[in-house]
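Based on the provided sequences and hints, a complete structural model is requested.
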Amino acid sequence: MGFQEELGAALTDRALHLIVLPTEQCNFRCTYCYEDFTVGHMQPTTVQGIKRLLDRRMAGLERLNVSWFGGEPLMARAVVEEISAHIVAAAADAPDLQYMSDMTTNGYLLGVPVAERLAELGIRSYQISLDGPEAVHDTTRVRANGGSSFRQIWQNLLAIRDSTLPIGVILRSHLTPANLPSMPDFLAEVRDTFLDDDRFSVSLKPVERMGGPNDATMDVLSKEARTDVMAELEAVLSAGASTARNAMGAEVCYASRPNSLVIRADGRIGKCTVALTDPSNTVGQLLPDGKLRIDNARLSPWLRGWADQDWNAVRCPYIGMPRTRSEPPLLQIGYGPHR
Numbered sequence: 206m207g208f209q210e211e212l213g214a215a216l217t218d219r220a221l222h223l224i225v226l227p228t229e230q231c232n233f234r235c236t237y238c239y240e241d242f243t244v245g246h247m248q249p250t251t252v253q254g255i256k257r258l259l260d261r262r263m264a265g266l267e268r269l270n271v272s273w274f275g276g277e278p279l280m281a282r283a284v285v286e287e288i289s290a291h292i293v294a295a296a297a298d299a300p301d302l303q304y305m306s307d308m309t310t311n312g313y314l315l316g317v318p319v320a321e322r323l324a325e326l327g328i329r330s331y332q333i334s335l336d337g338p339e340a341v342h343d344t345t346r347v348r349a350n351g352g353s354s355f356r357q358i359w360q361n362l363l364a365i366r367d368s369t370l371p372i373g374v375i376l377r378s379h380l381t382p383a384n385l386p387s388m389p390d391f392l393a394e395v396r397d398t399f400l401d402d403d404r405f406s407v408s409l410k411p412v413e414r415m416g417g418p419n420d421a422t423m424d425v426l427s428k429e430a431r432t433d434v435m436a437e438l439e440a441v442l443s444a445g446a447s448t449a450r451n452a453m454g455a456e457v458c459y460a461s462r463p464n465s466l467v468i469r470a471d472g473r474i475g476k477c478t479v480a481l482t483d484p485s486n487t488v489g490q491l492l493p494d495g496k497l498r499i500d501n502a503r504l505s506p507w508l509r510g511w512a513d514q515d516w517n518a519v520r521c522p523y524i525g526m527p528r529t530r531s532e533p534p535l536l537q538i539g540y541g542p543h544r
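Numbered per our numbering, the sequence shown spans residues 206 to 544.
I should point out that these hints are in silico values taken from the structure, not numbers from a laboratory.
Don't take each hint at face value.
What the hints assert, rightly or not - Pairwise CB distance ranges (calculated): (1) ASP397 x GLN514: 40 to 50 Å; (2) SER353 x THR217: 42 to 52 Å; (3) ASP301 x SER353: 42 to 52 Å; (4) GLU339 x ALA444: 15 to 25 Å; (5) ASP298 x ARG322: 17 to 27 Å; (6) GLY352 x ASP260: 36 to 46 Å; (7) GLU429 x PRO493: 46 to 56 Å; (8) LYS496 x ARG234: 29 to 39 Å; (9) ALA297 x GLY351: 39 to 49 Å; (10) ILE499 x ALA264: 16 to 26 Å; (11) GLU267 x ALA444: 36 to 46 Å; (12) PRO493 x GLU437: 47 to 57 Å; (13) PRO463 x ALA264: 13 to 23 Å.
Bear in mind that the values here come from a model prediction, so they are computed numbers and not experimental data.
Yeah, the Cβ is synthetic: ideal placement off N, Cα and C, and Gly gets one too.
Listed below in structure tokens is the structure:
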């Protein structure tokens with residue numbers, strides 16, 4: 206779409222995208238994670254507020270997209286199910302509403318019975334990370350208790366593949382200089398194991414420094430090195446498998462859209478799931494009655510790309526965010542030295 210079409214989609218009040226964090230705790234401690242796990246599970250007052258917000262908005266919507274994020278959202282599955290069941294019941298009285306729901310999960314708790322129940326509640330798209338073969342993956346995607354994670358995730362994925370579940374799974378691989386040597390063979394295995402099933406696709410994402418505690422020592426690919434790396438690995442995915450797909454990100458960031466909001470586990474309203482520790486990302490508060498108390502001075506910088514017709518600010522409103530002298534500097538999100 207062109208700028209004007211994207212602007213219309215972003216500004217319409219007939220569409221709503223909620224990114225909900227039912228918990229900000231996680232059963233993993235990934236080495237490149239930027240979250241600080243200081244907020245726990247969503248409290249009943251916030252759950253109630255989300256339900257009331259949806260009750261207020263549902264009648265006027267044509268499209269509702271609910272994305273589950275965390276932490277690890279399946280650690281608060283009861284919250285996910287309660288809110289999703291409320292949406293499904295309300296959507297039954299709105300036959301023209303297009304309701305979609307997806308989840309970013311580490312996959313450790315996503316057995317087939319769980320996926321079946323969530324599919325009944327409309328959650329039918331997942332993003333799950335695999336960072337290489339078992340020995341490599343388990344060095345970066347470590348469980349909170351120090352244990353390995355690959356084998357359980359792989360078994361869950363095989364079980365989903367062998368089921369008839371009507372869901373889609375994006376397998377996301379984070380790329381680092383350390384795991385690159387193992388990735389061609391690993392992605393060939395992923396291709397041969399999953400990509401003949403059109404429910405599965407692959408997304409390749411170079412790791413970046415996102416403000417986490419390991420940023421200073423984390424080795425990442427330079428921007429210059431990425432083109433060749435991505436081309437090589439995408440060729441592996443497509444070789445001999447016409448159904449292989451590499452699902453890449455959209456041009457317009459959700460954080461720049463006025464009709465997209467992050468609802469944190471404590472009821473704070475944000476715009477970006479990366480800059481969770483930045484005060485500028487808290488643009489309001491969800492109240493128990495479903496009303497939103499929005500700080501327009503905090504919100505407007507996230508939306509500036511539309512008014513300025515600035516594609517860079519639309520693609521990532523956080524980069525180049527205007528700051529006052531009293532505000533802390535932006536998190537340093539960027540690339541590593543040339544490799």
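Would you say the C-beta atoms of GLY352 and ASP260 sit inside 36 to 46 Å of each other?
holds, 42 Å
Is it true that ASP301 and SER353 lie within 42 to 52 Å of each other by Cβ?
Between ASP301 and SER353, where Cβ atoms are some 47 Å apart, the hint holds.
For ASP298 and ARG322, compare the CB-CB distance with the range 17 to 27 Å and indicate the outcome.
Holds: the Cβ-Cβ distance is about 22 Å, inside 17 to 27 Å.
Taking the beta carbons of GLU339 and ALA444, is their distance inside 15 to 25 Å?
holds, 23 Å
With 13 to 23 Å as the target window, see if PRO463 and ALA264 comply at their CB atoms.
holds, 19 Å
When you take the CB atoms of ILE499 and ALA264, is the distance between them in 16 to 26 Å?
holds, 21 Å
Is the hinted range of 29 to 39 Å satisfied by the C-beta distance from LYS496 to ARG234?
Between LYS496 and ARG234, where Cβ atoms are some 36 Å apart, the hint holds.
Using the Cβ atoms, figure out if PRO493 sits within 47 to 57 Å of GLU437.
holds, 52 Å
Hint says 46 to 56 Å; check whether the CB-CB distance for GLU429 and PRO493 agrees.
With Cβ atoms ~50 Å apart, the hint holds.
Is 40 to 50 Å a correct range for the gap between the Cβ atoms of ASP397 and GLN514?
At 45 Å between Cβs, range holds.
That 36 to 46 Å hint for GLU267 and ALA444 (C-beta), does it hold up?
holds, 41 Å
Could you say whether the range 39 to 49 Å given as a hint is met by the Cβ separation of ALA297 and GLY351?
Since ALA297 and GLY351 have Cβ atoms about 45 Å apart, the given range 39 to 49 Å holds.
Comparing the model with each earlier hint shows no violations; every hint is respected.
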